[in-house]
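Trainee: Sequence:
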Amino acid sequence: MERTDPERAVEGGGVSGGVGLPAGAGADGGPGGSSGSGSSGSSGSSGGSGGSSGAGGSGAPRPSGTGKRSGLPAFAYTAADEEKLRGVRRMKTTATGLLLLVALVYVLATWGKNSGLGGWTGFVAAAAEAGMVGALADWFAVTALFRHPLGLPIPHTAIIPNKKDQLGTSLGAFVGENFLSAEVVRNRLSALGIGRRLGTWLAEPDHADRVTAELSTALRGALTVLRDSDVQAVVGEAITRRADAVEIAPGLGKTLDSVVADGAHHRAVDLICARAHDWLVEHGDSVMDAVQGGAPGWTPRFVDRRIGDRVYKELLRFITEMRDMPAHPARGAIDRFLRDFAADLQSDTDTRARVERLKSELLARPEVQDIIASAWASVRAMIMSAAEDDRSELRLRARASLLSLGSRLATDARLQGKLDGWIEDAAAYVVTTYRGEITSLISDTVASWDATDTSRKIEAHIGRDLQFIRINGTVVGALAGLLIYTVSHLLGA
Numbered sequence: 071m072e073r074t075d076p077e078r079a080v081e082g083g084g085v086s087g088g089v090g091l092p093a094g095a096g097a098d099g100g101p102g103g104s105s106g107s108g109s110s111g112s113s114g115s116s117g118g119s120g121g122s123s124g125a126g127g128s129g130a131p132r133p134s135g136t137g138k139r140s141g142l143p144a145f146a147y148t149a150a151d152e153e154k155l156r157g158v159r160r161m162k163t164t165a166t167g168l169l170l171l172v173a174l175v176y177v178l179a180t181w182g183k184n185s186g187l188g189g190w191t192g193f194v195a196a197a198a199e200a201g202m203v204g205a206l207a208d209w210f211a212v213t214a215l216f217r218h219p220l221g222l223p224i225p226h227t228a229i230i231p232n233k234k235d236q237l238g239t240s241l242g243a244f245v246g247e248n249f250l251s252a253e254v255v256r257n258r259l260s261a262l263g264i265g266r267r268l269g270t271w272l273a274e275p276d277h278a279d280r281v282t283a284e285l286s287t288a289l290r291g292a293l294t295v296l297r298d299s300d301v302q303a304v305v306g307e308a309i310t311r312r313a314d315a316v317e318i319a320p321g322l323g324k325t326l327d328s329v330v331a332d333g334a335h336h337r338a339v340d341l342i343c344a345r346a347h348d349w350l351v352e353h354g355d356s357v358m359d360a361v362q363g364g365a366p367g368w369t370p371r372f373v374d375r376r377i378g379d380r381v382y383k384e385l386l387r388f389i390t391e392m393r394d395m396p397a398h399p400a401r402g403a404i405d406r407f408l409r410d411f412a413a414d415l416q417s418d419t420d421t422r423a424r425v426e427r428l429k430s431e432l433l434a435r436p437e438v439q440d441i442i443a444s445a446w447a448s449v450r451a452m453i454m455s456a457a458e459d460d461r462s463e464l465r466l467r468a469r470a471s472l473l474s475l476g477s478r479l480a481t482d483a484r485l486q487g488k489l490d491g492w493i494e495d496a497a498a499y500v501v502t503t504y505r506g507e508i509t510s511l512i513s514d515t516v517a518s519w520d521a522t523d524t525s526r527k528i529e530a531h532i533g534r535d536l537q538f539i540r541i542n543g544t545v546v547g548a549l550a551g552l553l554i555y556t557v558s559h560l561l562g563a
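Numbering (the numbering used here), first residue to last: 71 to 563.
These are computed hints drawn from the structure, not numbers from a lab. Check each hint, because a few of them may be wrong.
[As the list claims (entries may be wrong)] FRET-style restraints, in silico, Cβ to Cβ:
id	residue 1	residue 2	range
1	Phe244	Gly186	53 to 63 Å
2	Ala315	Glu352	43 to 53 Å
3	Gly402	Asp459	51 to 61 Å
4	Thr503	Asn248	31 to 41 Å
5	Arg337	Glu317	45 to 55 Å
The beta-carbon is built from N, C-alpha and C at its ideal position, and this holds for glycine as well.
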């Protein structure tokens with residue numbers, strides 16, 4: 071597998087090569103690593119003071135340039151990572167330089183002490199000696215986080231590569247216990263005052279326009295994605311299932327009884343009578359032909375005509391009287407029939423069963439499904455057109471509703487409390503119900519990362535600060551050594 075430049079840099083001396091450890095002889099090089107040793111060093115991978123593996127070691131376990139890595143790649147190295155790696159290398163060089171400086175001071179001070187240059191050399195030698203101890207101890211501690219120091223498999227070293235999965239599990243548990251509890255979520259959301267903030271934000275016309283536009287885009291997208299056939303099938307099935315589950319006869323009976331009691335059906339009777347009268351006036355010949363056509367063949371034709379004329383006139387008179395007389399007996403008969411029919415719809419088993427059969431037959435007819443399909447197509451086209459038009463009634467109403475909602479939320483403390491309560495309840499439910507899934511996402515994701523890549527990435531981000539620990543250890547060690555030597559000297563005197 072071809073490695074990127076940052077990977078080569080990490081696999082070189084220190085984090086990127088060219089600096090000895092503690093600045094980094096190889097990946098785990100010892101404190102004697104030399105600058106400029108590169109990724110292979112002058113003495114190979116198993117010995118010498120340089121080398122990519124450190125002084126006398128084989129370095130931290132890591133895949134070779136062509137080896138196959140286990141697990142999933144944790145991260146992709148970026149230009150920002152390269153800059154961080156350069157900062158880590160500079161700090162490693164500084165920390166190692168300080169170690170070499172106190173070592174040189176120790177050598178010179180010890181020589182001066184042995185040569186009788188003065189008592190002060192003992193103080194300097196003690197400070198330098200303790201500084202070296204502190205520097206080496208902190209170098210070991212920092213290095214042990216990411217790899218085996220000097221390549222030696224010392225227990226409890228290379229902590230991040232070896233304990234990555236446990237760290238991921240612990241991190242998930244920590245997040246679950248300290249962040250994903252209902253109390254923490256409620257307190258945080260309550261402090262935010264989401265209802266008031268949302269109201270203040272929505273009350274701005276520009277923000278309401280933005281939300282309206284986004285909602286319109288989402289609505290158009292949803293309607294575009296939905297297939298008409300699927301929607302029609304769902305709507306048709308829902309209507310059919312709902313209609314099958316509900317017996318309509320009693321409801322129809324109650325409605326009809328109410329209509330008759332209010333006299334609302336009289337207008338329908340008036341309309342029918344008027345249309346029947348007009349039809350009889352315009353189609354008198356049709357009535358005459360019908361009567362004559364049904365007469366026996368042995369009757370004279372003039373008799374048939376007289377009978378037909380008589381029937382037509384009586385029928386026309388009856389319809390005219392029924393049209394013009396609100397108290398006509400036929401109208402009363404219609405009222406009684408409708409009341410009886412309304413009662414049968416509610417209580418007569420046979421009538422109710424016949425209505426249910428008629429309902430099922432109507433729902434099964436293709437014409438009904440065609441009506442549903444055409445209705446959805448019309449509704450869809452209407453919504454799409456309204457969503458695309460900035461000045462449509464739909465968008466104007468939506469904008470006005472958002473502005474009104476924003477104004478109320480911004481000023482109505484009771485409404486704010488309701489909204490905040492709903493949000494808090496929803497968030498608490500989510501973190502309580504799905505806490506395990508969320509924490510397992512953290513632990514499973516960390517477990518899928520490649521251990522070596524993870525260690526390198528972490529070192530690139532925090533390695534520079536860790537080098538200050540080495541520098542501080544050198545300084546604090548020197549001061550502690552000086553203090554101890556001074557106290558011992560005073561007590562000895």
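Trainee: Each hint needs a verdict: does it hold in this structure or not?
Mentor: Hint check:
1. Between Phe244 and Gly186 the CB atoms are about 60 Å apart, so this pair conforms to the stated range of 53 to 63 Å.
2. About 47 Å separates the C-beta atoms of Ala315 and Glu352, a value consistent with the hinted range of 43 to 53 Å.
3. Against the hinted window of 51 to 61 Å, the Cβ-Cβ separation of Gly402 and Asp459 comes to about 55 Å, which satisfies the hint.
4. Taking 31 to 41 Å as the suggested C-beta distance range, the pair Thr503 and Asn248 does not conform, at roughly 18 Å.
5. Evaluation of the 45 to 55 Å hint for Arg337 and Glu317 yields a failure: the beta carbon distance comes to about 29 Å.
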